[in-house]
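Enquirer: Sequence:
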Amino acid sequence: MAFPIFLRGLSPDLVHIPLNRVPLLMIRPYVVTIHDMANLFYEQGISPLHMHLRRYRFRRGLLRAKRVIAVSEATRRDAETYLGVPPHSIRTVYNAPDPAFVAHGGADRQEQRRIMERYQIEYPFLLYAAISAATRTCRGWWRRSPWCADQLAAHPVYKDLRLVIIGDTISQYPAVRQTVIKSRVEHLVRFLDLCPSRPCVAFTNPRRAFVFPSRYEGFGLPPLEAMACGAPVVTSNVSSLPEVAGDAAVLVNPRTFSTSRAVSRRHCWTKLCAPN
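Just so you know, the sequence shown maps onto residues 28 to 303 in this note's numbering.
Any given hint might turn out to be false.
What the hints assert, rightly or not - Simulated DEER-style distance windows between Cβ atoms:
(1) R145 to S74: 43 to 51 Å
(2) L90 to E213: 41 to 49 Å
(3) V58 to Q178: 45 to 53 Å
To be verified - Below are the EDC-like pairs computed for lysine to aspartate or glutamate, each with C-alpha atoms no more than 20 Å apart in a straight line:
(4) K186 to E149
(5) K209 to D177
(6) K93 to E107
(7) K93 to D40
(8) K186 to E213
The set of hints was computed from the structure by calculation and includes no laboratory data. Beta carbons are placed, not taken as given, at the ideal position from N, Cα and C, and that holds for glycine.
Working from the sequences, and respecting the hints, build out all of it.
Expert: Listed below in structure tokens is the structure:
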């Protein structure tokens, strides 16, 4: 309520709202950016009334906007299909990775070695940048990881392959760790509660594969950041991720990431993680 009053005192010609939370009394004209619609599609534990009010506020803010910026064509289609936003009022403007990822192109070998020693990582690994939806995204991994580990047991390099999950909000979502423990694959997974750019750049480099089989992303910045560092990427073939990855990543269906395809996945991951 206070923000629109504050804006009236400024008498702006135009206001840009960089996230899809538009105050109910927002002054016009304004432009709003939609980053994703996950809170309308995947939110759990809230009442139908609360969800209806959330959808109403979301839709109202977009319909009253002079222009709506969608960060991908997938997000644009969702806004048109599920919220009825007129196509002529939406423009697609893609996100971009932080220049730090592009500038480094991966950290130098000395820095990589120092960070690996700090966290005592002496084994090959796949990297995943965790988010609040990690439990939903990765639940299938935990069930199938023992099977994949058995298939790699005889490999001279990747018999000790692990999944390293980094993120500065992991501690806020204990359900992620609980899911790993219940699936009895905690010996295959390493959690690192960090996400500053320098260590993240060091973890993401051409010698390690970045995996991101998310079921929904408004844009999907982590795979793009990994590619900016030169890392091979495995990501989903749904929502906006094919737009982000193009033909520069291995695309998989996160809903059918099953053991029937594990052999081909094993060869893909072995190739992706190879030092050469």
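Enquirer: Now look at each hint and say whether the structure bears it out.
Expert: Each hint, compared with the structure:
Distance hint for R145 and S74: a CB-CB separation of about 45 Å, consistent with the stated range 43 to 51 Å. In this structure the supplied range 41 to 49 Å holds for L90 paired with E213, their Cβ-Cβ distance being about 47 Å. Checking the proposed 45 to 53 Å range against V58 and Q178 shows it holds: the Cβ atoms sit about 50 Å from each other. A distance of roughly 13 Å separates the Cα atoms of K186 and E149; the hinted pair therefore holds under the 20 Å criterion.
The suggested pairing of K209 with D177 holds, with an alpha-carbon distance near 19 Å, which does not exceed 20 Å. Restraint check for K93 and E107: satisfied, since their Cα atoms lie roughly 15 Å apart, inside the 20 Å limit. As the CA atoms of K93 and D40 are separated by approximately 12 Å, the hinted pair is consistent with the 20 Å bound. Restraint check for K186 and E213: the C-alpha separation of about 16 Å stays at or below 20 Å, so the hint holds.
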